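Given these sequences and hints, build the entire structure.
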Amino acid sequence: KNQVEQSPQSLIILEGKNCTLQCNYTVSPFSNLRWYKQDTGRGPVSLTIMTFSENTKSNGRYTATLDADTKQSSLHITASQLSDSASYICVVSGGTYKYIFGTGTRLKVLA
Amino acid sequence: SQTIHQWPATLVQPVGSPLSLECTVEGTSNPNLYWYRQAAGRGLQLLFYSVGIGQISSEVPQNLSASRPQDRQFILSSKKLLLSDSGFYLCAWSATGSAYGYTFGSGTRLTVV
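As they're listed, the protein sequences go chains A and B.
The opening residue of the first sequence carries number 1 in the numbering used here; numbering runs sequentially from there.
The opening residue of the second sequence carries number 1 in the numbering used here; numbering runs sequentially from there.
To be clear, the hints were calculated from the coordinates, so they are not data collected in a lab.
Quick caveat: nothing in here was measured; it's all calculated off a predicted structure.
Note that CB positions come from ideal geometry on N, CA and C, so glycine has one too.
Where hints are given, some of them may not hold.
[To be verified] If you anchor each label on the Cβ, the simulated ranges turn out as follows:
hint : chain 1 : residue 1 : chain 2 : residue 2 : range
1    : B       : Gly-16    : A       : Gly-16    : 46 to 56 Å
2    : B       : Gln-13    : A       : Val-45    : 19 to 29 Å
3    : A       : Glu-15    : B       : Arg-109   : 26 to 36 Å
See below:
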């Protein structure tokens with residue numbers, strides 16, 4: 001069964017600290033993996049997209065990694081800011097026009 | 001560049017009233033279009049997807065329907081809303097070929113009272 005699991009479910013950190021979010025998937029075949037940031041009451045916005053051959057991709061303070069062998073991805077946020085407070089969603093494509101969504105990690109950054 | 005528009009942003013409707021949410025995409029042709037619903041504190045649930053005009057696939061049985069009258073227009077409808085239809089509705093599009101992934105609209109917050 002195609003599934004995407006994210007951990008932790010929620011996370012609270014202090015401003016300026018780093019954090020890492022995890023995404024494990026069982027989607028097969030695998031085409032690409034995307035991390036989205038969703039602010040409360042808004043649509044998700046893409047942060048990174050990685051295909052099978054890519055191990056890491058950065059977007060400013062966001063760095064995503066992918067291990068296609070273990071079917072794991074992580075999103076690392078460096079020097080967190082209050083504006084990083086949001087839900088982060090991992091989405092995996094199996095090569096069709098349907099995508100498998102994780103339930104997200106809710107991040108709260110405190111001053 | 002491609003853009004996706006979704007409206008209205010918020011909507012409060014009484015039980016039993018009809019619903020029409022509209023989504024349009026600009027700057028691309030023959031997009032795959034999707035309607036998702038997100039319940040409070042939950043993940044995204046795929047409701048409908050469309051790979052072409054008049055082609056609608058439903059993922060879950062429900063009180064809603066979708067239509068695609070034009071290539072870049074996707075409409076979510078209901079004849080009679082239920083309380084359980086409340087939620088956050090997102091329209092999304094993807095280009096043919098999965099490498100692009102989704103681009104989401106800004107969402108519609110629907111409250112059925």
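Quick rundown of the hints versus the structure:
no. : hint                             : in the structure
1   : B/Gly-16 / A/Gly-16: 46 to 56 Å  : holds, 51 Å
2   : B/Gln-13 / A/Val-45: 19 to 29 Å  : holds, 27 Å
3   : A/Glu-15 / B/Arg-109: 26 to 36 Å : holds, 28 Å
In summary, the structure agrees with every hint in the numbered list given earlier.
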